[in-house]
Amino acid sequence: MSIFADMYRALFFSFFRIGTFTIGGGYVMIPIMEEELVDKRKWLKRDEFLDLMSLSQAMPGVFAVNMATCVGRRVAGWRGVVCAIAGNIMMPIVIILLLAMVFRHFRGNAVVESIFMALRPAVVALIAAPVFRLAKSAKVSWRNCWIPVVAALLIWLFGVSPVWVILIAIAGGLVWGKLGRED
Amino acid sequence: MILLKLFFTFLKIGIFTFGGGYSMIALIQNEVVEKQGWMSAQEFTDILAISQMTPGPVGINTATYAGYTAVVNSGLPVWEGVVGSLLASLAVILLPVAAMLLVLRYLSHHKDNPLVEKVFQVLRLTVVGLIAAAALLLLTPESFGAPGLNKQFLVSVALFVAVFYLSWRHRTSPIYLIIGSAIVGLLVF
Numbered sequence: 235m236s237i238f239a240d241m242y243r244a245l246f247f248s249f250f251r252i253g254t255f256t257i258g259g260g261y262v263m264i265p266i267m268e269e270e271l272v273d274k275r276k277w278l279k280r281d282e283f284l285d286l287m288s289l290s291q292a293m294p295g296v297f298a299v300n301m302a303t304c305v306g307r308r309v310a311g312w313r314g315v316v317c318a319i320a321g322n323i324m325m326p327i328v329i330i331l332l333l334a335m336v337f338r339h340f341r342g343n344a345v346v347e348s349i350f351m352a353l354r355p356a357v358v359a360l361i362a363a364p365v366f367r368l369a370k371s372a373k374v375s376w377r378n379c380w381i382p383v384v385a386a387l388l389i390w391l392f393g394v395s396p397v398w399v400i401l402i403a404i405a406g407g408l409v410w411g412k413l414g415r416e417d
Numbered sequence: 046m047i048l049l050k051l052f053f054t055f056l057k058i059g060i061f062t063f064g065g066g067y068s069m070i071a072l073i074q075n076e077v078v079e080k081q082g083w084m085s086a087q088e089f090t091d092i093l094a095i096s097q098m099t100p101g102p103v104g105i106n107t108a109t110y111a112g113y114t115a116v117v118n119s120g121l122p123v124w125e126g127v128v129g130s131l132l133a134s135l136a137v138i139l140l141p142v143a144a145m146l147l148v149l150r151y152l153s154h155h156k157d158n159p160l161v162e163k164v165f166q167v168l169r170l171t172v173v174g175l176i177a178a179a180a181l182l183l184l185t186p187e188s189f190g191a192p193g194l195n196k197q198f199l200v201s202v203a204l205f206v207a208v209f210y211l212s213w214r215h216r217t218s219p220i221y222l223i224i225g226s227a228i229v230g231l232l233v234f
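Those protein sequences? They're chains A and B, same order as listed. Using my numbering, you'd call the opening residue of the first sequence number 235 and step up by one each time. Using my numbering, you'd call the opening residue of the second sequence number 46 and step up by one each time.
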């Protein structure tokens, strides 16, 4: 019992650290996860870490939470999953809530407005940049680049919901897999 | 009623998010701005700015913030906004975690399935388009100012190019880019 209680606490605090001290999203968490889970706690070997990482990236949902699910289950079962996820998202939620409450009262304030006038184009650029990074890891080539282009145009110009685009992609992948064509 | 709707909306957003927080942005934007009209595109962009410079996964941060804003915008009290934000963050992880647990259980019995591998290959390609769409949908006068030779638009374009280049080529951390842009905003506007 006491060993398990220690495990739960360790999971909670490891993921608390991973969630609280990384800014800029799930992928920024990778190096700190590696340090915490592989080097410090020794819950995973390095190749296992890579396997779970690619699985967490491939599955739907938030990458960091998916990692917490994998590691939590492995170390201490479903209770471990709960501890790891709770640790991972607790501080981010508290901080966002506090900011959301405060920021509402400053909307329309001249200083805040001048800051956000500059932040808006910057944020659009921050979303555009990963497109090119991810294009590389998704192995976009001249033969398959029509897939991301058509997906983007359907959503942007034709107002198709991303949900449909994802569903069509899954169906397309299944058909391609069944036909067994090599690419 | 909006709380229930919020929960189911974010349940849907969660399970259709492939490829991390940035593709979730496209889904959240589609639901909360375009379909439900819970907030303006500009308000959503501000939420994205804050979600990227605070700690934690961007997907969770955006869900928390958008949940709060949607509820408070509809005229409900702050505490219901807090409930809304918690519901949105919980809903967004619920189905993916369940799916993850099922797959982990399956994988401990079976080896990699080639069919699943093909589906993920196509999904990875599609997600690149999804994120591009999120960025394209934000290329609006609300974010950049009215196009033309005016100060706001020119500064916006310059900031966009600089931040894009630094983030893409030098992988400069978003936190520095956001702080830098905020300082530019304070000095110029």
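Please keep in mind that the hints were generated in silico from the structure rather than gathered at the bench. Some clues are possibly wrong.
Stated by the list, open to error - In silico DMTMM-like links for lysine to aspartate or glutamate, alpha-carbon gap of 25 Å or less: (1) A/K279 - B/E125; (2) A/K412 - B/E162; (3) A/K279 - A/D240.
Hints, one by one, checked against the model:
1. A/K279 - B/E125: Judged against 25 Å, a Cα distance of about 44 Å means the pair is violated.
2. A/K412 - B/E162: Roughly 12 Å between the alpha carbons, so the hint for A/K412 and B/E162 holds.
3. A/K279 - A/D240: Given that 25 Å is the threshold and the Cα spacing comes to 21 Å, the pair holds.
Checked against the numbered hints above, the structure violates only hint 1.
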